[in-house]
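Residue numbers (the working numbering), protein chains in the order written: chain V, 1 to 292; chain D, 1001 to 1297.
Calculated from the structure, these hints are not laboratory results.
Just so we're clear, the structure is a prediction, and the values are computed from it rather than from any experiment.
The beta carbon of each residue, even a glycine, is placed where N, CA and C say it ideally should be.
Wrong hints could be hidden among the right ones.
Stated by the list, open to error - Pairwise CB distance ranges, derived in the manner of DEER restraints:
1. V:145 / D:1008: 43 to 49 Å
2. D:1279 / V:235: 36 to 42 Å
3. D:1008 / V:177: 28 to 34 Å
4. V:16 / D:1108: 16 to 22 Å
5. V:204 / D:1187: 28 to 34 Å
6. D:1146 / V:16: 47 to 53 Å
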Amino acid sequence: MSSVQTQSVQTGRIARTFIYLFLLLMALFYLLPFFIMVVNSVKPLSEITGGNMMALPEVFTIEPWLAAWSTAQVGVEPTGLRPYFWNSIKMVVPAVAISTVLGAINGYILTKWRFKYDTILFGLMLFSCFIPFQIVLIPMARILGILGLSGSTYGLILVHVVYGIGFSTLYFRNYYAAFPTELVRAAQIDGAGFFQIFYRILMPSSGPITVVCVIWQFTNIWNDFLFGASFASGSGAPMTVALNNLVQSSTGVKEYNVHFAGAILAALPTLLVYIVAGRYFVRGLMAGSVKG
Amino acid sequence: MYHASKSDFKTRLQTWLPKLVLSPSLAMVLIFVYGFILFTVYLSFTDSRILPSYGWVGWENYNKLWRLSHWEISLKNLGIYASLYIAICTAIGLTLAIFLDQKIRGEGILRPIYLYPMALSFIVTGTAWKWFLDPGIGLEHTMHLWGWESFEFGWIKDRNLAIYTLVLAAVWQSSGFVMAMFLAGLRGIDSEIMKAAQIDGASNWNLYRRIVIPLLRPAFLSAFVILAHLAIKSYDLVIALTGGGPGRATELPATFMYSYTFTRNQMGIGASSAVIMLMTIAAIMVPYLYAELREKK
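Just chain V, with the same shape it has in the complex (with noise of 0.2 Å):
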């Protein structure tokens, strides 16, 4: 979103106060549900339940969130989220690589070698992201079933990389396309390979979309649900899925403040990577809504 010089329209006082005060209330009004998961997060749980949830807390304490890192009850096992944020950083990481890789070839591939039925071919690539993967549920249980992946971080590797390379695709695609196609073509004079021009030319100009694929990536892998409560319910879960074991466990008392701890945990990193490169996550939901 470069802000490119704009034509500004002349507004009146009245309505520009109106404009503002609309602007700081749906701030408030997207801020306010975060807000309140932090402030009770750091809440001793009698406060919680007897108190005012707007309330700044009268006693801090960070129990709650040890609680829902190593000791809270996550299913029948009182582990907490920690394994479970590492299931999902084991899935996340070599996901994202993988994906990323294969994108970066196959968008190189579809611009600057272009064969026979190439857009047709892509154009399946690019509906495969938008499917309801309900869809593919239970085939792909079957296949890991068969591969011995069920319940495994390797079968959610394997699935994420599947359902991912439709997007890592079409970014690269997008952006090779408008590479200059004569420095191909003249690297290829000079006697060039196939995978000389890509890690030569390409390559060193392709920082800023690698960025965006991999922080899309991320983002849509780490907080996927349906997959991981689909093939790993159990002690290989993901983050998303024992957060909501956490929070939908009806033994005991709800330890709200534990959940919220777990909440934010899980949200953590997809809003570090947010606010350290926010830039580049909103080009990459506009190319992943407008194409091109």
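Given chain V's structure and the hints, the job is docking chain D onto it.
Structure of chain D alone, referenced to chain V:
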């Protein structure tokens, strides 16, 4: 690309290499997406229960599906949820974008605030809102403590209103994204057009209604397509916010499919509901993607 005379091994390898390198990805997509779709379509015509089984039953699952009140409720809920979700997200997104485009001080702070929920998992969103909407400890309770004793906000526990809490949380999550799409559209409008209209004496209202909003048509279309497909796929949010309840008040096709396939052991019916979800999304996405890919040629 190459001199025909130079058809030694290396050159031939170079012409085949791109296709060779592309083929693993392509094979994965063909098997895991399209092969699986065909498999699920096939299952929807079989007597599969707990496990896939291959006894052909024709349209029986579909007939059963359409007679199930559970499915009917899911579809009706999706209708309410999707239309409100799309309409409200578009309205809020457009308003925010137009307002933000008025040379607002602090735009750089406001914009990320509107957009950050998009980075969160629906499970996190659901957890936060579930609690916020809970009459016992959330908003209602707080209002009571603040002295507004008669304040009532128990939608999440009300069969008739729970579906709207789903809309609320989903709008919270995605409206910032729609704002970003419209803002990009607004920033792409040629400022000469705006200037000309202003010189002609068009009021702000007319300027936006007659000129700017029609120019944003591509953004409207993209927003609609993205939101519609997100709505049809909505699963996580329901699970985290209401679990489909109270009763079946917030069941959607995605939760229906999951429970029939994996907990009620009616895989045939589950598969047929997945097929209908796919068809609905395809009806929206295929023309859109087709047009997008054509345009670029």
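Identify every previously stated hint that the structure contradicts and give their numbers, smallest first. 6
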